Structure formats: C-alpha cells, structure tokens
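Residue numbers (UniProt numbering), protein chains in the order written: chain A, 1 to 357; chain B, 1 to 357; chain C, 1 to 326; chain D, 1 to 326.
Because the hints were derived from the structure by calculation, they are not lab data. Since the structure is predicted, the reported quantities are computational estimates derived from the model, not experimental observations. All residues carry an ideal CB built from backbone N, CA and C; glycine is no exception. Misleading hints may appear alongside valid ones.
To be verified - With a cut-off of at most 20 Å between alpha-carbon atoms, the simulated DMTMM-like pairs for lysine to aspartate or glutamate come out as follows:
hint, chain 1, residue 1, chain 2, residue 2
1, B, K34, B, E304
2, A, K61, C, E305
3, D, K320, C, E279
4, B, K207, B, E219
5, D, K307, B, E346
6, C, K252, D, E279
7, A, K207, B, E8
8, D, K307, B, D334
9, C, K320, D, E279
10, C, K307, A, E355
11, D, K252, C, E279
12, A, K152, D, D21
13, B, K61, B, D260
14, B, K325, D, E305
15, C, K252, B, D343
16, B, K356, D, E305
17, B, K207, A, E219
18, C, K307, A, D334
19, B, K61, D, E305
20, B, K356, D, E313
21, C, K307, A, E330
22, D, K307, B, E330
23, C, K253, D, E279
24, D, K252, A, D343
25, D, K253, C, E279
Said to hold, decoys possible - In silico negatives: residues of chain D with every beta carbon more than 12 Å from chain A:
hint, residue
26, Q3
27, R124
28, Q179
29, L191
30, L218
31, G228
32, I229
33, P288
34, K307
35, E313
As the list claims (entries may be wrong) - Chain B stretches covered by chain D per the calculated footprint, using a threshold of three residues with CB under 8 Å from any CB of chain D:
hint, region
36, 163-169
37, 202-214
38, 332-344
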Amino acid sequence: MSIAASFEIEYLQYLDPEGKLVRNDLPEFARDPKQLVELYKTMSFVRVFDSKAVALQRTGKLGTYASCLGHEAAHVAIGSAMHIDDVFAPMYREYGAQFVRGVKPREVLMYWGGDERGNDFSGPAHDFPWCVPIATQCLHAAGAAMAFKIRKEPRVAVSVVGDGGSSKADFYSAINMAGAQTLPYVSVIVNNQWAISVPRSAQTGAKTLAQKGIAAGLECLQVDGNDLIAMRTAMDYAIKRARHGHGGMVIEAVTYRLSDHTTADDARRYRPDGEVKAAWEREPLKRLRNYLLAQKAWSDKHEEAWKAECERIVDIEVNAYLETKVQPVEAMFDFVYAELPVDLQEQRAQVLALEKR
Amino acid sequence: MSIAASFEIEYLQYLDPEGKLVRNDLPEFARDPKQLVELYKTMSFVRVFDSKAVALQRTGKLGTYASCLGHEAAHVAIGSAMHIDDVFAPMYREYGAQFVRGVKPREVLMYWGGDERGNDFSGPAHDFPWCVPIATQCLHAAGAAMAFKIRKEPRVAVSVVGDGGSSKADFYSAINMAGAQTLPYVSVIVNNQWAISVPRSAQTGAKTLAQKGIAAGLECLQVDGNDLIAMRTAMDYAIKRARHGHGGMVIEAVTYRLSDHTTADDARRYRPDGEVKAAWEREPLKRLRNYLLAQKAWSDKHEEAWKAECERIVDIEVNAYLETKVQPVEAMFDFVYAELPVDLQEQRAQVLALEKR
Amino acid sequence: MAQITLIEALTMAMAHEMARDPSVVVLGEDVGVNGGVFRATAGLSEKFGPVRVLDTPLDETTIAGIAVGMAAQGMKPIAEAQFDGFVYPMVDHIICHAARFRTRTRGRLTCPLVLRVPWGGGIRAPEHHSEANESIFTNVPGLRVVMPSSPSRAYGMLLAAIRDPDPVIFFEPKRIYRQYKEEVADDGEALPLDVCFVLRDGSDVTLVTWGAQVKETLEAADALAKEGISAEVIDVATLKPLDFDTIHESVKKTGRCVIVHEAPRTAGFGAEVAARLAEHAMYDLVAPVERVTGYDTHIPLFRLEMKYLPSVERIVAAAKRTLAAG
Amino acid sequence: MAQITLIEALTMAMAHEMARDPSVVVLGEDVGVNGGVFRATAGLSEKFGPVRVLDTPLDETTIAGIAVGMAAQGMKPIAEAQFDGFVYPMVDHIICHAARFRTRTRGRLTCPLVLRVPWGGGIRAPEHHSEANESIFTNVPGLRVVMPSSPSRAYGMLLAAIRDPDPVIFFEPKRIYRQYKEEVADDGEALPLDVCFVLRDGSDVTLVTWGAQVKETLEAADALAKEGISAEVIDVATLKPLDFDTIHESVKKTGRCVIVHEAPRTAGFGAEVAARLAEHAMYDLVAPVERVTGYDTHIPLFRLEMKYLPSVERIVAAAKRTLAAG
Ligand SMILES: Cc1ncc(C[n+]2csc(CCOP(=O)(O)OP(=O)(O)O)c2C)c(N)n1
Ligand SMILES: Cc1ncc(C[n+]2csc(CCOP(=O)(O)OP(=O)(O)O)c2C)c(N)n1
Ligand SMILES: [Mg+2]
Ligand SMILES: [Mg+2]
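Only chain A is shown next, with the shape it has when bound in the complex (with noise of 0.2 Å):
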C-alpha cells in the first residue's frame, strides 16, 4: 500500500510542574528574566483580578461570571505574543489576553454586571467582543484575516476555543478557510479538560486536539499550557509564520479550568476532587515562579510587594465599576442602527414616557 500523506504532532514544553527546564534551547526572550518576570506579574495580576470577581458575584455584585483560574499562562502567552494591531477574538475567559492589549478590569466587570458598556474596549478598538456562542469568533477571526488578506496588512487573527469548543461546527468552517486561503489566524484551543461538565473524552476520539489542524492542512502543536514559557514561544511562532504569509495554525494549550465552569456551576456534582488536587500541583503560577526564585529573578517579598499592589490596583478598578450609573433606559434602542428608523422611534417615545412616570 502507498502512503498519501503523514503528519506528525509535536509537544512542547519548556519548564515542568515544578519549574525545572526540561530544554536547553530557551527562545531569546525567556533569557531575559525582566521580561519573564513582567509577564509572571501579568499573570499573578490576573488571579487576583479573577478571585475578586469571585468574591463580587458571592456578595451579588456581579451577575454570573466566568473565572479563568489555571488558564493565566496561556491567557497571559496569547495577549503578550500579539502586536497591538492584531485582532483578538476571546471567548469569555481570556482577561489575561485582555488586559495585556489593554482592555480595563471595569469593563470585565461592567460586561458580566449586564452593562454592554464593558464591550466597548477603551484598548484595541478592533478587537471582538466577548463572544458566548461558542466558537464562532473562529470564523470572525478567519475573516478579519481575510480582510488582512485583501488589504494586504501585515495583521494576524488570533481566535480562542475551549475543547468542548472545538467540536463546535465553526471551529472546523474558521480552519478550513484559513487553510483554503493561507490566511494569517492562529486558532488556539485553550483545552481545559472540560466543558462545563463535559469531559474531553465525551467531545472526541482524536487523541490530540491540536490534530484537529491537520483536517484543514495547517501546521499543529501541541503546548503545555500551563507553562508560559512554551505557550509564548508557540505563539511567537505562530503568529510570525502567519504575519509572513505562510498561513494559519492551531496550537492546542493543554491545561485545566481549576475554578468551576462559570459561578452559576457547581463542578463537585461531575468533577472528581482527586483530578483537581493533581490539576493544583501543575499550575502555571507556581512553576514560572519557582523558575524565576531559582533564577534570582524574583524573591517571597517582590511577591508581596506585587500581590499587595494588585490589591489597590483592583480596588480601583472595582470601585470604577460599582460607582458605574445604569445606562438611560433609551440606551437599548440608541444602538440598534446607525440611526434609529421610523419605524421604531414611537417604541422609543413610549419607553421614555414610562420611564418619566
């Protein structure tokens, strides 16, 4: 028999559960430790961010929220990776992203408190929204690249997908584009082992997800996500050979969602105790940090120090959003259209008489 085709998937991984390099051929800017450690501060800023926000929805501040601990390093990776004229398309978790490219905390914030406002980014102006419907800011993505294309920018598209997301119709259509057209996007599956209470093993029998690519015949890797270090060398790579024209890729981050899937989910009805303990022992905080002590590069009170002004940072933002008015009532036909038609402005009149009462 002759064979038509063989494909391979790579794991990458730099730095092990416990923070020991496992390589030797660090990329250039993991040899600077200033660099590392301002993003191991980046991600240390978002679990405080992410515990608050917690703790805003117990106290009923915050309508339901979805948290995105364990996930920092990849989140963290794929923001920083960027250029500021990318285009990121979240889902609902990547605050790390997020705030690199400089979306505020108070707009998280304001979005999950039911305030549409929290969508209007003040940092990259084109970047989607948070986007619920699963996985289709893939094929929004696939087509900012497409725009690229046509203008001919040196733009990337970068897209994030959860495993359960990644069965979704869309994730395959956005891959399938790219590959058709080398379009410059990099879909990232951020695989967290559940969605919501879906295992990984009910959503597929592939054995990777990062082979998911080779339907589409892009490039694929597979990433320890929980080690920042291998997520942002896997998307410099990525997004380099995109931003060159050499065409899209998906990179598989392999981590685990250690909070329950939104504060609405209770995971102890489905999720083992025992998986979550073992999930603790590889997150991405620890291991970065315990690099970065054995590096020198970070000492116990540059942590306080750090943590401690996390805090006020976040107190900031959250008092920014608490003190945030309601919107006019008038604000859900304002932006429907460009300009509001005829058609509607009587409905308009009549919500502000009622109001007025």
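Dock chains B, C and D with the ligands against chain A, hints included.
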C-alpha cells in the same frame, strides 16, 4: 521535542487505468469473476440510465438532473458492500448505490421530475431520501448509527458527501460524533474534484480529504474511486470494522465528475477541456471491462447484449415514469403532519374548491 | 401527589416516558451526570444510563442532526438546546429535515423528535441566554411550536409532545421554572396539543399570551378586576398550529383584545393572532387590537432587561385603552 | 441607458460599488469564474479579481461567519446564499452577530454586510430551491430585510443596501430575475430603504405585496380594473423596518386591504401588515383584511408548485370579497 501523535494516510488501488492489476493480494470477492461481472453489469446499467435521464431533461421531460457519469465504481461499490438492513444516506447522484439497494430507476426519475413520490423508495424502506442541503445527510447517518448503538443492532450507516461537501460543518460534526461515541458509521467522500465550479484546491488546504478523519480520531483511507475492486475492498473493510464495534471511518474516493454538475450547469465556463479529456482515460468502466476481458470473463458480445438489455429495462422505467399521473393537489396537505391539524383544514378545502372550478 | 415546580414537572414527564417507551432518549450538552444546567434532566442519567441520556459534543448542529437521524430511524429523541440563544445552529436541520421528512418521503420516514428550548429573559443571565425567538419556527410547516406556562401544563404538554408523531419545538419559560409549585400527578396523562387554555373567564377584554408572560398577564387581570374590569386570559400554549377558535370565541364575547408577548413586536407571533382577528373578527371588535410586547430592539443585558419585558403596568394600560376606545 | 433585467441590474449595482469603494467584496459559492449559478456576479471576477470576488469553500456557516468578521473589520462584504433554502446555516451568525455587533459593543464595531438571497418558487427547481423564508429574519432587531421587484428598484436598493451601515438581508425574487427589461442608468443613485413603493394608484382596495408576487398582484389590479374596480398596489420593498404609514394612508383611502405573499400564511410577514391594520386602521377599514398567501404546507416539488403560489385568480377573488363585505 516530543511527538504527541503521528498518522499516515494510505492510498489503495488494485486496477490501474488500463485495467492492469497493481497488487497481488486480491480480496476474495474479486477472485470470483462472476461477482465482478455482476458489479460491472450494474455499473454499465447505471451509465445507460444516466445518459437516458440527461436526454429526458434535454427534451423537457425531466427537471434538473444530476448525472453520475464517472462515479459508477464508487457508487456501486458502496451499495454492494452494504447489507440490506444497513442504512444509506445519499446526497443526490448515488444511483449506482441505490439501484443495488433496490431503489427503482423510475423513482429516480420521479424525484427529478418534481414528484415527491420518488422518495418513497420501493427498496430499503429505512434508507434516507435524497438530500439537497449539502452534507446534512452525514449527521442523519451518524444519528442512525447512534440509534443502532442504543438498540444494540449490528447495523452500519453509510453516508456519501462530495469534495465540496467535505468543507461543510455537518461533515465534521458527523465524524466527530462518530469518533466520540464509537459509532458504526462510514463517511465516504466522493471526491470528483469539483463542487459545481469550485475546484477541490479552493475547498481546503489539506493534502488529502481522507485526512479530515484524523480530526475525529477515525481511521482514514484514500482510495482510487474509479477502481471498483479497491473501492469495494475499502468499503468491505470499513463496514466490517464498524459492524464489529470498532467505530467509524472516513474513506476518500478519488474520482472525477465527467459530466456537468447538473443539467442546469455548463461546465465549459470554468473547466478546461483538457482536464476532462485526461479524466476519461481513468474512467471506471473501461478499466474493469479491460480487466474482465483479459480474464476472459467478459466479451464484446456480452457487452453488446448487456447494453441492449439495459436499454430495454431503462425504457420500461422511463415509460412507467412518463405515465405517472401528477399527484392530486391536496397531496400538498396530506403529509405535512400525521393528521391534518384543524388549523389547516380550511386551507385544504380552499385548494380543493379552486381545483374543482 | 407531589407539589412540584414547572421544571420538576418536565423532569417527571421525561422520566415517565423514558420508563414507558424504550425508544425515548435524551440528548444535549450537560444533560447527563450534571442533569442539565437548569437541572431539567436531573436524575435521568442515573435512572436510564448514559446511553439513553447522552452528553453530546458541544455542537448544536450535531445535536439537531443526530436527533433527526435517530428520529427517522424509529427513536424518539428529546434534544435540549441549552439556552434559547443557542438554537440557531439547529435551525437548518429542524426546518430542512425534521419538518420535512414526512412530506419529502410521502410518509415513509417521519421525525418524531422534541426539541426542548429554555426560553426567555428575566433571569439576569449573560447575553444570548434571554431570547424570545419562537418566531423562528412559527412560519415553518410541519412543526408544532408549544410553550407551557404552569407545572401541570408542562407535564401534560411534554408528554403529548414526546408522543406526537411529528416534530415539536418545546419552549420552556425559564423565568417561571421555579415560580410556584402545583400538585401534579405522575399519571402519564397527556394534555391536548393544538388548543389554547382559557385560564380565566372574563367579559370586558381578552388578554392573549403565552409562556412566562402568563404570570404578568394574570396579575394584570387581577389588577383590572380591582377596578371592575373583567379580563379573560388565554394561554395560547400551542402557537402552531394555532387554535384561533378559542381566541375568536372570547373576542366575540369581549369585543376587545390585548396580545402580550416577550419577543420583539414586529413579526412576533402576536402579529399572527392580530392578523386572524383582522381577518375574522372585524365585526366582533369594538376597539383596536393592542399588542404589549418586547420592543423591536435586542433584549438588553440584565441591568436594563426588566425595562424591556412587558410589565403588568403596560398590560393594564393597554387593556384600559381598549376599554376607552369602544 | 441600457435595457436590462432585474438580475442584470443587480450585477450592475455590484460592479458600480466595487469600482467606487475598494472595501466592497463579493463572496459565496460559485460567484467567481462561474459568475454565480444565476449569473448575478457574472464578469465581476474578471473585473475585480479572485481576491475581491471570492469563491468560498462549500459551507454557509463559513460564508456568514467570515462576512461578519470582515464587516466588523471595515470591509463591506456582499455574501451570497446560493439559494433561499441554504440560508439556514447562516442564521446563527446573522442573528447572533451581524444584527448585534453594534448594540453589543455600543457602536464600537458594526457589521455593514449584505446577504443576497435568491428567493422564492416557480422556477421548476429541485427541493430547497424555492423557499419564501423572509420570516426567519423579520422578527430580528438590527436587521434590514429588503426585496426589490423591478430592475430599477433592484439596482437602487442594492446600492442602498451596500452603502447601509447596518446588515441587510437582500432577497431576490428569482422567478422574475429575467421577467422583463427596463431602462436603468448606471448612475450610482441609490433608492431609499425603509419605504414602500406605491406602484399603482387606486381607490377601492389596497393590494399590499412584495417580491415576485408583485407580478401577479399588478396583473390582478389590471383584471380588477376591467371590472371597474380600482386597486392601489403597494410594493412593501423594505419589510423591516416597515413603512406602515404608506400602507395606512392607502387604506384610509380605500378602506380595504388584501395582503399577498408567497410564504406560508401563518406567521408570514403578511401577519405583521394585518396586525398593524388591526391596531391602527380599525376605523378606516370597511371590510375584513384578506391574506392571499402560500398555504401552511411546504411548497411542493415542481409538478404541483404553481398550485401553491398565489395566483391572479386568488388575488382577484380576495379583492372582490373585500368589496362585497363593505
Ligand atoms: C453555541 C453555544 N452552546 C452552548 C453554550 C453554553 N455553554 C457556555 S460555555 C460552555 C462550555 C464551553 O466549554 P469549552 O469550550 O471547553 O470552554 P471552557 O468554558 O471550558 O473554557 C457551554 C456548553 C454556549 N455558550 N454557546
Ligand atoms: C447547503 C447547500 N449549499 C449549496 C448548495 C448548492 N449546491 C448543490 S451541489 C453543490 C456542489 C456540491 O459539490 P460536491 O460536494 O463536491 O458534490 P458533487 O456535486 O461534486 O458530487 C452546491 C454548491 C446545496 N445544495 N446545499
Ligand atoms: Mg473547556
Ligand atoms: Mg464534487
């Protein structure tokens, strides 16, 4: 770097375009000339039927018709490899598979003649009807396979999709489901190089279409779809595997659409003549006939007699079709629900009243 | 007989039919061990096993497509869309296939599936979790579109939907999933589909509604009664096919009609009710028909959503306008 | 000035805007070298190249999703659904995203795409090639739903749709693609959206319709004229947002209204027109509103399809009923 997974796509061919054997491990069925002759006769019948149907359309006696010219080996192999109680989910040109399964030529004509009764097959009562919305049939087949699994029936569901259709979301969803649930489902991609005017190269960046199965963790195989022996061997293998609980498979049958897309299409607008000419060199009937002639299992006399017989049978079918009276007008109401809801009774009465005038 | 909520009644109906009929299966995202994000399928996986209570991959196209395939091959799938806003990728298989298999094959293949859709706003949920999108299906021949508004109707109508030989889109007003409890016997008695339920008799004005809005409409009827206005309240319950006769009989009596629904006004299903009145009740009406609906805007995120939903105040005001008019 | 058909007018409008505005691109299946299965995009690929006239992979989800992504990033995509029956896999991206980007981001991102949909029956095509499914979109805030019915309106309305800052679903009545020719100047003059066109003045009865049915409705008006009945004919043209004022003005004059459309009756867009009349024109109407529509069944395959579509005969009969009634 470590390797997380690796894959190979094999290519299967027994007969070269001239009808010479290129391997010496002929499977059992192919060692029996009688069986091969029967299959050849069916392929040949399909071709006679097909050209008659095109002629009917040209003379205004049939609506738009999708020819199967060039696909006969792939289709007949699929139909003949299936058990009668397996379920077939066709697209719209798999007459070869359907005739083997008991669908009558007159039913094909009724369907393309604008009469729903064409889908009320006298053959396998559980087979899916023709399916116009591309690739949706893949999920219906996967659903059938799911039903077999739940009911513990040793049955297999087979769908056919085109090269174009293999870009469609439903195709991926179906193989993903099959992989996740180890379903007895065989997805055959009949890659005839064109989706109306869009060449296979514009559909995907994948080197083979077979490799799409890797995304779902399925076994995949690329086959010379013009080689009846290879196609039937592949189908036997896939169906047996599936029937024995080993899960789904993706088979790419590489062939060529020798006709226009349908009678409503004019392929000269977009397709180079030279390509079609070259494809005729690889067409499926010639090579099997050459092989059978060389085996002395077939002769020019047989050929002539069989062609005449085909014409005779097809004429009977065409006449039966042409004599079929149009359905009574109220038929449009009588299959919308099991029982006509009260709300529709007045409308039905109106239609009847209009008709009587 | 247990006092149960609307959502518990749904669970009870599914458990009843699964025990009675082995061809009934449940499928969707998180319907298994987790028992559904709203707990509608709680306990079913334990009782009937993971093969009949199937956690699907996260793809609504898959859920709809395999439900169609299963139904065509003799199963009775109850598919769940996790929220109203996620039903759109299912629309193709529902409209092109579920609704058409019977007619396409002249009755050879049928598609007796139920698609359960938690529906509507008012639960302070994120975007796409609050849609009143029943209009997507009401123009489609071959479908039934139903929506219960009480525990007992939820039980009886879901049984009927599962037993129905044709596809049923079963909208569940999630805002009233746990609004109140009612005694519902697990007696396997289905309620009829294709009929409206008159929830309250009245003589001055007919209030026509469905789903969660039944709550506000009944409250409005109470408020009107206090002012001496007698309102008849009709729960449409099955939107398609529509039982217009019940509505018409009521309007013959009252001469006035207010239609209340949560979906945006334009081309919402209320338009069909009003259209039937314009066609058939012209000489019965003494006042223009009123519609109290969601606005022709997207339902806002939750800080503003209660300003969007029809309120008791708006319903009362509309009813009074019909009284002032004629 | 050339005499052109409706479909040629569409091609001319696209070519005009592509030449004028480099952000306009065309995408879909077979729109490139083949020029579209109806030839609507004929010549565009030669003129503007395969990057701006993009043959997509065969996946409507892809077409809709990337059109949304492109539009949000400053392009003006004109996406084509090859036939009405293949629009369903696009519905998710259109409803959840195209219609919502502006409101979701408070105006930061917008989605100025056009989705062209060859629409309706009567061309003896296979199943799923003959759907009148405009109702899928008319309840969705944030969308425009338009349908031209003549070469000049096709040209002017498509220009307007492309230039519109919001998403437009552009239904094309394929049965009249080549019905007749008209002089249409390629002057880049858009027609207004959001307004009805009064095609014929009359005083006895108002006939309201859109799309291919404009043909039969005008013929019905001719037939009525022969019997001394003066029918006003209104082409709704933009279904959403609806210009009810023009319809209302006419009904104030005539007191009678017949609504004609090809889609199934129940919850077809005609219901909205009738509902508005029931709300606002109660005192103007002297006869019940009539609807002449497709039946609440699937449009049959072509041997029976002409029995399904509203005929001149049915329209005339309905108009006469309104005259007999009041
Ligand atoms: C189309 C659609 N279906 C269902 C949902 C409900 N839902 C929200 S998150 C989620 C699970 C997502 O899992 P995964 O993709 O693995 O991402 P994760 O949340 O684990 O990061 C589901 C089913 C949705 N938002 N969109
Ligand atoms: C969902 C959908 N989109 C578009 C079409 C129109 N259409 C019919 S056949 C076809 C091309 C199919 O190509 P392929 O899948 O390669 O199958 P082939 O016809 O070549 O056998 C298209 C675009 C359709 N039937 N369904
Ligand atoms: Mg996950
Ligand atoms: Mg093909």
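Against the structure, the hints come out as follows:
1. The suggested pairing of K34 (chain B) with E304 (chain B) holds, with an alpha-carbon distance near 18 Å, which does not exceed 20 Å.
2. Proposed proximity of K61 (chain A) and E305 (chain C) is supported: the alpha carbons are some 17 Å apart, at most 20 Å.
3. At roughly 14 Å between alpha-carbon atoms, K320 (chain D) and E279 (chain C) fall within 20 Å of each other, so this suggested pair holds.
4. With a C-alpha separation of about 16 Å, the suggested pairing of K207 (chain B) with E219 (chain B) holds against the 20 Å cut-off.
5. Distance hint between K307 (chain D) and E346 (chain B) is fulfilled; the C-alpha atoms sit about 16 Å from each other, no more than 20 Å.
6. A hinted pair counts as satisfied when its Cα atoms are at most 20 Å apart, and K252 (chain C) with E279 (chain D) qualifies at roughly 17 Å.
7. The hinted pair formed by K207 (chain A) and E8 (chain B) meets the criterion: a straight-line CA distance of about 14 Å does not exceed 20 Å.
8. Restraint check for K307 (chain D) and D334 (chain B): satisfied, since their Cα atoms lie roughly 15 Å apart, inside the 20 Å limit.
9. In summary, the hint linking K320 (chain C) to E279 (chain D) is supported, as the alpha carbons are separated by about 14 Å, within the 20 Å threshold.
10. For the suggested pair K307 (chain C) and E355 (chain A), the alpha carbons sit about 9 Å apart, so the restraint of at most 20 Å is met.
11. Distance hint between K252 (chain D) and E279 (chain C) is fulfilled; the C-alpha atoms sit about 17 Å from each other, no more than 20 Å.
12. Between K152 (chain A) and D21 (chain D) the alpha-carbon distance is near 16 Å, which keeps this suggested pair within the 20 Å criterion.
13. Of the supplied pair hints, the one linking K61 (chain B) and D260 (chain B) holds, its CA atoms being roughly 18 Å apart against a limit of 20 Å.
14. About 15 Å separates the Cα atoms of K325 (chain B) and E305 (chain D), which keeps this hinted pair within 20 Å; it holds.
15. Straight-line distance between C-alpha atoms of K252 (chain C) and D343 (chain B) comes to about 19 Å, which keeps the hinted pair within the 20 Å bound.
16. A hinted pair counts as satisfied when its Cα atoms are at most 20 Å apart, and K356 (chain B) with E305 (chain D) qualifies at roughly 17 Å.
17. Of the pairs offered as hints, the one joining K207 (chain B) and E219 (chain A) holds, with about 12 Å between alpha carbons and a cut-off of 20 Å not exceeded.
18. Restraint check: the Cα-Cα separation between K307 (chain C) and D334 (chain A) comes to about 15 Å, which is no more than 20 Å; the hinted pair holds.
19. The suggested pairing of K61 (chain B) with E305 (chain D) holds, with an alpha-carbon distance near 17 Å, which does not exceed 20 Å.
20. Pair hint K356 (chain B) plus E313 (chain D) holds up; C-alpha atoms about 14 Å apart against a cutoff of 20 Å.
21. At most 20 Å may separate the alpha-carbon atoms for a hinted pair to count; K307 (chain C) and E330 (chain A) meet this at roughly 10 Å.
22. At most 20 Å may separate the alpha-carbon atoms for a hinted pair to count; K307 (chain D) and E330 (chain B) meet this at roughly 10 Å.
23. With a C-alpha separation of about 19 Å, the suggested pair K253 (chain C) and E279 (chain D) falls inside the 20 Å cut-off, and the hint holds.
24. Our distance criterion of 20 Å between C-alpha atoms is met by K252 (chain D) and D343 (chain A), whose separation comes to about 19 Å.
25. With a C-alpha separation of about 19 Å, the suggested pairing of K253 (chain D) with E279 (chain C) holds against the 20 Å cut-off.
26. Distance to chain A confirms Q3 (chain D) as a non-interface residue, since its nearest Cβ pair spans about 34 Å, more than 12 Å.
27. For R124 (chain D), the shortest C-beta to C-beta distance to chain A comes to about 32 Å, beyond the 12 Å cut-off, and the non-interface label holds.
28. Its beta-carbon lying about 30 Å from the closest one in chain A, Q179 (chain D) satisfies the requirement of being farther than 12 Å from that chain.
29. Taking the minimum C-beta to C-beta distance to chain A, about 16 Å, the non-interface status of L191 (chain D) holds against the 12 Å cut.
30. L218 (chain D), annotated as away from the interface, keeps every beta carbon of chain A farther than 12 Å; the closest lies near 26 Å.
31. Chain A leaves G228 (chain D) outside its interface by the beta-carbon criterion, the shortest separation being 36 Å against a cut-off of 12 Å.
32. Against the 12 Å criterion, I229 (chain D) stays outside the reach of chain A, whose nearest CB is about 31 Å from its own CB.
33. Remark: the non-interface label on P288 (chain D) is consistent with the geometry, its nearest Cβ contact in chain A lying 25 Å away (cut-off 12 Å).
34. Every CB of chain A lies more than 12 Å from the CB of K307 (chain D), the least distance being 35 Å, so the non-interface label holds.
35. With a least beta-carbon separation of about 33 Å from chain A, E313 (chain D) lies farther than 12 Å from that chain, consistent with its non-interface assignment.
36. Counting residues of the region 163-169 of chain B whose C-beta lies closer than 8 Å to any C-beta of chain D gives 5; at least three are required, and the coverage claim holds.
37. Chain D is given as covering the region 202-214 of chain B, and this holds because 3 residues of the stretch bring a CB closer than 8 Å to a CB of that chain, at least three being needed.
38. Counting residues of the region 332-344 of chain B whose C-beta lies closer than 8 Å to any C-beta of chain D gives 5; at least three are required, and the coverage claim holds.
Hint check: no violations occur; every hint is consistent with the structure.
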